[in-house]
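Protein chains: 2
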Amino acid sequence: MPDERRPRSVTRADVARYAGVSTAVVSYVLNDGPKPVAPLTRERVLDAVRVLGYRPNAVARALSKGSADMLGLLVNDNRNPFFAELCHALDQASAETGRSLLIVNSDRTQVTTSEQIRDLVSRQIGGLIIADVLTAREQALVEALGIPAVVIGPFGEIDGLQSIGVGFSAGAREATAHLVGHGYRDIAFVGSAARYDDRERGWRSALDEARLPLGTQLHVPFSYQGGHDAGMQLADAERRPRAVFAASDQIAIGLLAAFGRRGIRVPDEIAIASFDGTLTADFVWPRLTTSVQPLDEMAVAAVRAVTDPGPERRHRELSTTLRVRESCGCTPG
Amino acid sequence: MPDERRPRSVTRADVARYAGVSTAVVSYVLNDGPKPVAPLTRERVLDAVRVLGYRPNAVARALSKGSADMLGLLVNDNRNPFFAELCHALDQASAETGRSLLIVNSDRTQVTTSEQIRDLVSRQIGGLIIADVLTAREQALVEALGIPAVVIGPFGEIDGLQSIGVGFSAGAREATAHLVGHGYRDIAFVGSAARYDDRERGWRSALDEARLPLGTQLHVPFSYQGGHDAGMQLADAERRPRAVFAASDQIAIGLLAAFGRRGIRVPDEIAIASFDGTLTADFVWPRLTTSVQPLDEMAVAAVRAVTDPGPERRHRELSTTLRVRESCGCTPG
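One line per chain: the protein sequences are W and V, in this order.
By the count of this note's numbering, the first sequence reaches residue 333 at its end, each step adding exactly one.
By the count of this note's numbering, the second sequence reaches residue 333 at its end, each step adding exactly one.
Keep in mind that a hint or two might mislead.
Because identical chains cannot be distinguished in the list, a pair is counted as satisfied if it fits within a single copy or across any two copies.
What the hints assert, rightly or not - The calculated lysine to any residue pairs, modelled on SDA-like cross-linking and capped at a C-alpha distance of 20 Å, are:
1) Lys-35 with Gln-92
2) Lys-35 with Arg-316
3) Lys-35 with Arg-118
4) Lys-35 with Glu-115
5) Lys-35 with Glu-138
6) Lys-35 with Asp-308
7) Lys-35 with Ser-319
8) Lys-35 with Arg-304
9) Lys-35 with Ala-136
10) Lys-35 with Phe-222
11) Lys-35 with Leu-322
12) Lys-35 with Ala-13
13) Lys-35 with Pro-241
Rather than coming from a laboratory, the hints here were simulated on the basis of the structure.
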């Protein structure tokens with residue numbers, strides 16, 4: 001846009017003078033409150049804003065408020081329902097501290113994650129929340145920029161950064177043990193191939209505790225398609241497992257689709273338990289029995305970590321809760 | 001954060017001097033390119049950034065680039081899979097023009113939408129994309145702020161703002177006509193109660209054209225729960241319809257869950273067609289026959305509208321495409 005349309009020197013006082021109102025009234029109109037403004041006065045103020053090309057300045061506002069009022073969120077792919085719900089919970093938690101949340105996706109091919117981080121930090125944000133797996137180099141950059149930062153969801157502590165995790169292993173073990181409790185002896189695992197995925201470890205230890213042999217292990221992308229492909233493979237196998245623990249709801253929903261396509265009844269012929277506790281897991285049929293991550297609690301902890309960082313608590317681990325529904329073979333009310 | 005940790009006067013040149021490198025090398029490290037930097041040099045630069053408290057300044061960068069390099073996106077609720085996919089497509093489309101995208105949710109209770117808009121605009125963004133229904137007052141504010149803006153998904157033109165819509169009525173008519181083509185005579189509608197929802201009009205005109213009586217009309221929230229509740233109502237009705245047109249994939253997935261719970265087979269006992277074409281619609285069973293919104297095309301058009309706004313084209317309407325799968329009774333490959 002040409003600069004003459006919004007000269008940088010126009011102030012709120014200029015707008016007030018042009019509109020013939022006080023600067024407070026200009027604020028009420030632009031903030032939609034806290035006091036009401038008569039419709040005609042509002043019109044006059046908006047006209048003045050337009051004519052003068054007034055644009056409030058973030059830096060000036062941040063300074064006048066005495067603190068940065070925005071948090072940044074870096075998320076890998078917000079289409080994943082789990083991350084979409086996490087974004088939303090973080091937005092709410094930010095709002096509760098009077099802050100806004102700027103969200104950027106980090107799965108772009110055109111821009112490096114480092115560039116995205118630098119861009120966010122340069123926008124005068126007061127803290128950075130990272131829902132993504134960073135490289136060591138990216139971690140070093142975040143640390144160097146000196147902004148309060150927290151990583152959500154890693155499988156343990158991260159050098160130099162605060163982090164908030166959940167008990168992946170314990171949650172997976174609980175879900176798998178629930179399948180064992182149904183009497184299923186042959187329980188497969190479908191999840192990612194990441195070496196550090198504690199959910200596979202949890203599945204394994206539940207089977208060990210029950211002295212059951214390890215079932216099939218399939219490693220696929222964390223997506224509907226990944227789950228669907230694994231489901232077709234299990235459906236067409238010579239010896240089909242009696243139950244599956246899926247490392248995410250997305251994978252479990254893909255499994256359901258594959259079993260549906262092959263006419264295999266869940267849970268009568270194959271039972272499923274999964275991990276995440278997303279909204280969608282409650283609106284497939286049968287509904288998923290799943291280890292629920294405490295999204296709201298994670299969000300509040302993450303916002304607190306960057307707005308009120310304490311030196312003593314670097315990593316915080318929250319617990320999952322098993323939500324029992326129909327996919328495992330239960331018949332909840 | 002205390003101000004002494006990041007004095008505002010530190011420049012890239014200071015960092016370069018402290019680290020004993022050129023300012024170009026500082027840029028390479030902070031931007032992760034375009035040229036590689038030796039690990040030890042990188043360490044030195046990051047140390048200098050940390051010690052000096054250097055923070056690149058967005059305003060300075062925007063000025064040096066000669067144009068605003070960020071777009072803002074206001075979206076009502078990114079948990080809705082359709083909006084999550086739209087966000088992602090907009091992020092990609094922005095990246096293709098070398099811009100970043102700042103996303104804010106507008107369904108907060110603590111902050112007004114006007115405040116969110118003002119906040120985004122004050123962050124030096126170069127354009128504003130709105131995936132939400134604005135009040136007249138919010139529209140006036142956007143107009144007054146003088147920033148290039150576009151609204152996505154309204155059901156027609158909007159005074160004073162650019163907009164990008166899709167053929168809601170034509171898409172709904174096509175999906176309903178497809179159900180008619182299967183020979184179903186009693187076709188219900190499940191959608192929102194919004195007076196301006198052209199999808200209901202499209203359903204109606206398909207039935208009119210086929211000289212079929214209007215079926216049941218249920219108005220529910222655009223959510224899984226809304227679809228589920230409508231599905232239970234249809235399942236338990238004295239006279240169950242033979243088919244349903246759902247105004248969104250989310251509603252259709254809720255219907256599927258309700259019919260599954262009641263043991264009603266889709267499509268054998270009740271067929272479904274819907275609207276949106278989200279990823280999830282492809283990973284339920286049976287897969288949804290759905291009128292697909294051209295998300296990528298909408299995203300590219302929206303980004304173009306705010307980065308290269310033309311005076312002549314205020315409203316642009318794109319077409320849906322019917323994707324035929326199993327929920328209607330077809331057996332695609």
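These are the hints, each one checked on the structure:
1. For the identical chains of this complex, Lys-35 and Gln-92 are neighbours neither inside a copy (24 Å) nor across copies (40 Å), given an alpha-carbon limit of 20 Å.
2. For the homomeric pair Lys-35 and Arg-316, neither the shortest alpha-carbon distance inside one copy (42 Å) nor that between copies (37 Å) is at most 20 Å.
3. In this assembly of identical chains, the alpha carbons of Lys-35 and Arg-118 lie at most 20 Å apart only when taken from different copies (17 Å versus 38 Å within one copy).
4. With identical chains, the CA atoms of Lys-35 and Glu-115 are at most 20 Å apart between copies only, with a shortest distance of 14 Å across copies and 41 Å within one.
5. When the C-alpha separation of Lys-35 and Glu-138 is checked against a cutoff of 20 Å, the pair qualifies only between copies, where the shortest distance is 16 Å, while the shortest distance within a copy is 45 Å.
6. Proximity of Lys-35 and Asp-308 under a CA criterion of 20 Å is satisfied in neither setting, with 31 Å inside one chain copy and 37 Å between copies.
7. In the homo-oligomer, the alpha carbons of Lys-35 and Ser-319 never lie at most 20 Å apart, since the shortest distance is 44 Å inside one protomer and 44 Å across protomers.
8. For the homomeric pair Lys-35 and Arg-304, neither the shortest alpha-carbon distance inside one copy (30 Å) nor that between copies (37 Å) is at most 20 Å.
9. In this assembly of identical chains, Lys-35 and Ala-136 lie within 20 Å of each other by CA distance solely across copies; the values are 18 Å between and 49 Å within a copy.
10. Proximity of Lys-35 to Phe-222 under the C-alpha cut-off of 20 Å is found in neither arrangement, the shortest distances being 49 Å within a copy and 33 Å between copies.
11. For the homomeric pair Lys-35 and Leu-322, neither the shortest alpha-carbon distance inside one copy (47 Å) nor that between copies (49 Å) is at most 20 Å.
12. Proximity of Lys-35 to Ala-13 under the C-alpha cut-off of 20 Å is restricted to the intra-copy arrangement: shortest distance 18 Å within a copy versus 47 Å between copies.
13. For the homomeric pair Lys-35 and Pro-241, neither the shortest alpha-carbon distance inside one copy (64 Å) nor that between copies (51 Å) is at most 20 Å.
Hint violations for this structure: numbers 1, 2, 6, 7, 8, 10, 11, 13, all remaining hints satisfied.
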